[in-house]
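Number of protein chains: 4
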Amino acid sequence: MEGQIKRIGVLTGGGDCPGLNAVIRAVVKTAIRRYNLEVIGIIDGFYGLVNDIMEPMTEEKVAGILHRGGTILGTTNRDNPFRYAVEKEGQLTFEDRSEQCIENLRRRGIDGLVVIGGDGSLSIGLEFHKKGIPVVGVPKTIDNDLSATDVTFGFDSAVTTATEALDRLHTTAESHHRIMILEVMGRYAGWIALYSGVAGGADVILIPEIPFDLAKVCDHIRARAEKGRKFSIVVIAEGAKEMGGEMVVQKMVAQSHDPVRLGGIGQSIGQKLEMCTGMETRVTVLGHVQRGGSPTAQDRILSTRYGSAAVDAVMEGKFGHMVALRTPKILAVPLQEAVGTAKQVNPDGQIVKAAKSVGISFGD
Amino acid sequence: MEGQIKRIGVLTGGGDCPGLNAVIRAVVKTAIRRYNLEVIGIIDGFYGLVNDIMEPMTEEKVAGILHRGGTILGTTNRDNPFRYAVEKEGQLTFEDRSEQCIENLRRRGIDGLVVIGGDGSLSIGLEFHKKGIPVVGVPKTIDNDLSATDVTFGFDSAVTTATEALDRLHTTAESHHRIMILEVMGRYAGWIALYSGVAGGADVILIPEIPFDLAKVCDHIRARAEKGRKFSIVVIAEGAKEMGGEMVVQKMVAQSHDPVRLGGIGQSIGQKLEMCTGMETRVTVLGHVQRGGSPTAQDRILSTRYGSAAVDAVMEGKFGHMVALRTPKILAVPLQEAVGTAKQVNPDGQIVKAAKSVGISFGD
Amino acid sequence: MEGQIKRIGVLTGGGDCPGLNAVIRAVVKTAIRRYNLEVIGIIDGFYGLVNDIMEPMTEEKVAGILHRGGTILGTTNRDNPFRYAVEKEGQLTFEDRSEQCIENLRRRGIDGLVVIGGDGSLSIGLEFHKKGIPVVGVPKTIDNDLSATDVTFGFDSAVTTATEALDRLHTTAESHHRIMILEVMGRYAGWIALYSGVAGGADVILIPEIPFDLAKVCDHIRARAEKGRKFSIVVIAEGAKEMGGEMVVQKMVAQSHDPVRLGGIGQSIGQKLEMCTGMETRVTVLGHVQRGGSPTAQDRILSTRYGSAAVDAVMEGKFGHMVALRTPKILAVPLQEAVGTAKQVNPDGQIVKAAKSVGISFGD
Amino acid sequence: MEGQIKRIGVLTGGGDCPGLNAVIRAVVKTAIRRYNLEVIGIIDGFYGLVNDIMEPMTEEKVAGILHRGGTILGTTNRDNPFRYAVEKEGQLTFEDRSEQCIENLRRRGIDGLVVIGGDGSLSIGLEFHKKGIPVVGVPKTIDNDLSATDVTFGFDSAVTTATEALDRLHTTAESHHRIMILEVMGRYAGWIALYSGVAGGADVILIPEIPFDLAKVCDHIRARAEKGRKFSIVVIAEGAKEMGGEMVVQKMVAQSHDPVRLGGIGQSIGQKLEMCTGMETRVTVLGHVQRGGSPTAQDRILSTRYGSAAVDAVMEGKFGHMVALRTPKILAVPLQEAVGTAKQVNPDGQIVKAAKSVGISFGD
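Residue numbers (this note's numbering), protein chains in the order written: chain H, 15 to 378; chain R, 15 to 378; chain A, 15 to 378; chain D, 15 to 378.
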C-alpha cells in the first residue's frame with residue numbers, strides 16, 4: 015500500500031486553535047522528509063475543497079510557523095460540503111457538494127487527506143471516508159471535548175491564556191474586595207473552566223456538567239468574606255447551567271453564540287451575585303483571545319506528534335481513523351468512536367474532587 | 015525641617031493598578047533605610063484614614079511584593095473624606111469627615127502623608143494639603159491621563175496586557191478572515207487604545223480624542239479586504255465617540271460604567287461593522303484584566319523611583335506636590351497643576367501621525 | 015484507620031522546582047478542609063526533620079502561594095538523615111540521625127509524613143517507611159526522570175522556560191546566520207532537551223540516551239546551510255555524550271556540577287561546531303532559571319492533584335507509596351518501584367521518531 | 015527637495031536587537047503609503063551594501079513582522095565598508111570598499127539611506143554622509159549606551175528578558191538560601207544590569223561605571239543573612255570592574271568576547287563570593303537570549319515611531335542626522351553628536367540613588 019501513495023492533502027477546519035500551524039508543519043515535513051510525498055494545502059478548510067482552492071506545500075512554506083498561532087491554510091467554521099450553503103435567486107439553500115470535492119481530490123491525484131479539526135470537521139471527514147476518500151483525522155479543539163483522545167491540541171494553550179487572566183484578576187479582586195468573574199469558552203463541556211479555575215486559584219467554578227444552585231454560590235462567597243477573604247474569583251463556562259433553570263440559561267447561552275453579542279451568562283450571574291452578596295462585581299469575557307496566540311510548549315509538542323503520526327497513519331492505510339493520545343502513546347482510533355459524543359467533565363471524578371478538597375465550590 | 019519628621023503615612027486610593035506594591039515597598043524601604051523614619055500603612059485608602067484603620071509597616075512586610083500586582087494596603091475607589099457616604103435611617107447622606115482624618119493623623123503623630131492615586135485621590139490629597147496636612151502625591155493610573163508627568167505608573171503594564179491580547183486576536187482574525195474588536199479602558203483619554211493599537215498592529219484605533227465616522231472605518235476595512243488582507247483588528251477605547259453621535263454613544267458608555275454591565279461601545283460598533291462590511295465580527299472586552307497582574311519591568315522601575323522620590327520630597331518639605339517624571343528626571347510638581355484636567359492624546363501629534371503613516375485608521 | 019490520624023507533616027526536599035508551593039497548599043487545604051487534620055510544616059527539608067525545625071501550617075499561610083515558584087518551607091539538596099554530615103574537630107563525618115528524626119515525629123504526634131521530592135528524597139522517604147514511619151511521596155523533579163509516573167510536576171514549567179529561551183535565540187540565530195547553542199538541565203535523562211527542542215524548533219538535540227557523533231552534527235548543520243537555512247539551533251542536555259568519547263565528556267560534565275562552574279558541555283561542543291562548520295557560534299547556559307518562576311497552568315493543576323491525593327493516600331493508609339499520574343488517573347504506587355532507576359528517553363520511541371520526521375538530528 | 019526623492023534604501027547593522035523588524039516595517043509602510051516612494055532592502059547590513067545584495071521591499075513583505083524578533087533583512091556585526099576584510103593569497107587584508115557602496119547606491123538610484131544600527135553602524139553611516147551619501151540613522155542597541163537619545167529601541171525588551179530571569183532566580187534563591195548571580199550584557203555601560211536589577215529586586219548590582227569592592231559586596235550579603243534574608247540576588251554587567259583590579263577583570267572580559275567562551279566575570283565573582291560568604295552560589299549567563307524574542311509593547315511603539323520619523327527626516331533632507339527620542343518628541347539630531355561616546359550610568363544620578371534607597375548595594 016505504502017508505495018502507492020504519492021500525494022496527500024491537508025486542511026484545517028472549524029474554529030481557530032493554537033497549534034494548527036505546528037500540525038501543518040509536521041504533516042508537511044514528515045510527508046516530504048520521511049516518505050518523499052507531495053503535499054497539497056487546501057485553503058480555508060472545506061470551502062477550498064469544494065471550490066478547488068489548493069496549493070502545493072513546501073518545507074520553505076512551513077519554516078518558522080511552529081510557534082505561530084492561527085493557520086497558514088486558513089479555516090472557516092461554516093462550510094460543510096454535504097450541506098453547502100448556496101445563494102440562489104436571493105434565497106439561501108443547502109446543496110450536497112461532496113461529489114465535487116471527491117472529483118477535485120481525484121483530479122489532483124490526492125491519495126490521502128489529513129483533516130485537522132474538531133467534532134464537526136471530523137464528522138465531515140468520516141462521511142467522506144464512507145464515500146471512499148482516504149481520510150485521517152487530527153483532533154483539534156480548545157474545548158478538549160473530543161472523545162477517544164486523552165487531550166486535544168490547543169486545550170493547554172487556552173487553559174494557559176485563561177489562567178493568566180485569572181492571575182491578573184486575582185490581585186485586583188484582593189485589592190478591591192470584589193467578586194471577579196471570568197467567562198471562558200465551553201458550551202457543552204467545562205474543561206477550560208475547570209482547569210483554568212484550579213490553576214488560577216478560583217473560588218467558584220461553574221460548568222455545564224454540574225448544574226449550580228446560585229444560593230450555594232452566594233453562601234460560599236459570603237463564608238469566605240466572613241473568614242476575612244473579602245474577595246472571590248468565579249470562573250464560568252459559557253454553557254454553565256443553573257439547577258432547574260436550564261431553559262432560561264440556555265436561551266442566554268444561545269444569544270451568546272450570536273457573533274458580536276457578549277456576556278450572556280457571565281453578566282447575568284454577575285448581577286445576581288452582586289445582589290445576593292452586596293459585593294462589587296466585575297465581569298471579563300475572554301472571547302477569542304482564548305483561540306489565538308502562540309501555542310504552549312506542550313501544545314507544540316503534541317501538535318508535532320499528531321501531525322507526524324497522521325502521515326504515518328496515511329502510509330499505514332489507517333483511513334477513517336484519527337490520531338489520538340493514549341498517554342504516553344499516539345494511536346490511530348476509528349473516527350466513528352471519536353465523533354458524535356462530547357467528552358464531558360466527570361462530576362465525581364478525581365479533578366473535581368481535588369478542586370473541592372482545596373476549597374473550590376461548584377455550586378452543587 | 016528634615017530633622018523634625020519622624021513618622022509618615024502611606025495610602026493607596028482609587029482603582030487597582032500594577033506597580034502599587036512596588037511604590038509602597040520603595041516608600042517603606044526609603045523611609046526606614048535612608049531616613050530612619052517610621053511608616054504607617056493606612057488600610058483601604060481614604061476609608062482607613064476616616065476610620066483610623068492603620069498599621070505600622072516594616073521592611074519584612076514589603077519583602078517580596080515588588081513584582082506583585084494589587085496593593086497590600088487595599089484600596090477603594092468610592093470613599094472621599096470630604097464627601098463621605100453615610101447611611102442614616104435608611105437614607106444615604108454625604109458628610110465631611112476630613113477633620114476626623116486630620117485628627118487621626120495628628121493623634122498618631124504622622125508628619126507626612128504619601129497619597130498614591132489618580133486624579134480623584136490626588137484631588138483629595140490637595141484638599142488635605144490646603145487644610146495643612148503635609149501631603150506628597152504619587153501619580154497612578156493605567157489610563158495615563160494625568161497632566162504634569164510624562165507617564166504614570168501602571169500604564170505600561172496595561173498597554174502590555176492589551177498588546178498581548180491583540181497578538182492573540184491577530185492570528186485568529188487572519189485565519190478566519192474576521193473583524194476582531196478589542197475594547198480597552200479609557201473613558202476620557204485613548205492612551206491605552208493608541209499605544210496597544212500601535213504595538214499590536216491594529217488596523218483601526220478609535221479613541222475619545224478623535225471622533226470617528228463609521229463609514230470611514232468600514233471603507234478602510236473594505237479597502238484592506240480588496241487588497242487581500244481579509245481581516246481587520248479594531249481597538250476601541252471605552253470612551254470612543256462617533257462624529258455627531260456623541261449623545262448616543264455617551265449613553266452607552268454611561269451604562270458600561272455600571273458594575274457588571276459589559277461591552278457598551280465595542281458591541282455596538284461590532285454590530286454596525288458586521289452589517290456594513292458583511293464580515294464576521296467578534297468582540298472581546300478586556301475589563302479588569304488590564305488592572306491586574308505583575309507590573310512590567312518598566313513599571314517596577316518607575317514605581318520604585320516614584321516611591322523613593324516621594325519620601326525624598328517629604329523630607330525636603332515639598333508638601334502639596336506630586337512626584338512626576340520629566341524624562342530623565344523625577345521632579346516634584348505642584349498638585350494644583352497635576353489635577354483637574356485630563357491629559358489627552360493630541361490628534362495632530364507625532365504618535366497619531368506615525369500610526370497613520372503605517373496605515374492605521376482613526377476613522378477621521 | 016482513618017479516624018486515628020490527627021496530624022501530618024509535610025516537607026520539600028532536593029532541588030527547587032516550580033509547583034512545590036502548589037503541592038504544599040493542596041496538602042494543607044485538603045488535610046484541614048476535607049479531613050480536619052492538623053498539618054506541621056517541616057522547614058528546609060530533611061535538615062528540619064533532623065533538627066526539629068517545624069511549624070504548624072494554616073490555610074492562611076498557604077493563601078496566595080499557588081502561582082508562586084519556590085517553596086515556603088525551604089529545601090536543601092544535601093541533608094540525608096541516614097548519612098548526615100557533621101563537623102567534628104575540623105573533620106567532616108557522616109552520622110545516622112534517622113532515629114532522631116523518628117523521635118521528633120513521634121514527640122510531635124505526627125501520624126503521617128508527606129515527602130515531596132525527587133529520587134533522592136523519595137529514597138530517604140522509603141528508608142523511613144521501612145523503619146515504620148508512615149510516609150507518602152509526591153514525585154517532584156524538573157528532569158522528569160522518575161519512573162512509575164507519566165510525568166513529574168515541574169517538568170512542564172522547565173520545558174516552557176527552555177522553549178521561551180529557544181524562541182528568543184531563534185530570531186537571533188536567523189538574523190545573524192549563526193549556530194546558537196542552549197545548554198539545559200538533564201544529567202541522566204534528556205527529557206527537557208527533547209521536549210524543549212521539539213517545542214522550540216531546534217535543528218539538533220543532544221541527549222544522554224543517544225550518544226552523538228560530532229561529524230554527523232556538523233554534516234546536518236552544513237546541509238541546512240547549503241539549502242539556504244544559514245543558521246542552526248542546538249539544544250544540549252548537560253549529560254549528553256559523544257559516541258566513544260564518554261570518558262572525556264563525563265569529566266566535563268562532572269565539572270559542571272561544581273557550584274559556580276559553567277558551561278562544560280555546551281561550551282565544549284560549541285567550540286568544536288564552530289571549527290567544523292566555520293559558522294559563528296554562541297552558547298547560553300540556562301542554569302537555575304529552569305528551576306524557578308511561576309509554574310505553568312498544567313503544573314499547578316498536577317501539583318494540586320498530587321498534593322490532594324497524597325493526603326487521601328495518607329488517610330487510606332497507603333504508606334510507602336507515592337502518588338503517580340497514570341493518565342488520566344492519579345494512583346498510589348509503591349515507592350520501591352519509583353526510586354532507584356531513572357526513566358530515560360527511549361531512542362526508538364515515538365517522540366524521537368516524530369522529532370526525526372520533522373528534520374531534527376540527534377547526531378546518531 | 016522632497017519631490018526629488020524617489021527611492022530609499024534601508025539596512026540593519028550590528029548585533030541583533032528586538033524591534034529591528036518593527037523599524038523596517040515602519041520605514042517601508044511610511045515610505046510607500048505616505049510618500050509614495052520605492053524602498054530597497056539591503057541584505058545582511060553593510061555586507062549587502064558592498065556586494066550589492068538588495069531587493070525591493072513591499073508592504074506584503076513587512077506584513078506580520080511587527081512583533082517578531084530579529085531582522086528580515088539580516089545583519090552582520092563585522093563588515094565595515096571602509097575597512098573591509100578580504101582574503102588575498104591566504105592573508106587577511108583590509109580594503110576601503112566605500113566607493114563600491116556609493117556606486118551601488120547610485121546605480122540603483124537610491125536617494126536616501128536609512129541605517130538602523132548602534133554606535134558602530136551609525137559611525138559608518140556618518141562616514142558615508144561625509145562622502146555625500148544622504149544618510150539618516152535610527153538608534154539601535156539593547157545596551158542603551160547611545161548618546162543623544164533618551165532611549166534606544168531594544169533596551170526595554172532586553173531589560174524585560176533579564177527581569178524575567180531574575181524573577182525565576184528569586185524563588186530558587188529564597189528556597190535554597192543561595193546566592194544567585196545573573197550575568198547580563200553591558201561591556202561599557204551598565205544600563206541593562208541597573209534597570210533589570212531594580213525591576214527584579216536584586217540585592218547587589220555591579221556595573222562598569224561603579225568599580226566595586228568585593229569585601230563590601232560580601233559584607234552586604236552577610237548582613238542580609240544575619241537579618242534573616244538568607245539569600246541574595248546579584249546582577250553583574252559583563253563589563254563590571256573591581257576597584258583597583260581593572261586590569262585583571264578587563265582581561266577576563268576580553269576573553270568573554272570570544273565567541274563561545276562563557277561566564278568570565280560572573281563565574282569569577284561567583285567563586286569569590288562563595289568563598290567569602292560560605293553560601294552556595296549559582297551563576298546564569300543569559301547571553302544572546304537578551305537579543306532575541308518578540309519586542310515589548312514599548313519597543314514596538316518606539317521602533318514604529320523611529321522608523322516612520324526616519325522617512326520623514328529623509329523627506330525633509332535631514333541627512334547626517336539620527337532620529338532620537340527627546341521625550342515626548344522624536345527629533346533629528348546630528349549623527350556627529352550621537353556617535354563616539356557611550357552614554358553611561360551616572361553613579362550619582364537619581365536611579366542609582368533610588369536603588370540604594372531600597373537597599374541595593376553597588377559594592378562601592
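In short, the hints are calculated from the structure, not lab data.
Be a bit skeptical, because a hint or two may be false.
The following label-pair restraints were derived from C-beta to C-beta distances [unchecked claim]:
(1) E117(D) x G242(R): 36 to 42 Å
(2) D227(D) x R236(H): 55 to 61 Å
(3) G78(A) x A229(R): 49 to 55 Å
For each residue, glycine too, the CB sits at the ideal point set by N, CA and C.
Hint-by-hint comparison with the structure:
1. E117(D) x G242(R): 36 to 42 Å: holds, 37 Å
2. D227(D) x R236(H): 55 to 61 Å: At roughly 58 Å between Cβ atoms, R236(H) and D227(D) fall inside 55 to 61 Å, so the hint holds.
3. G78(A) x A229(R): 49 to 55 Å: Distance hint for G78(A), A229(R) holds at roughly 50 Å.
When the structure is compared with the earlier hints, no violation turns up for any of them.
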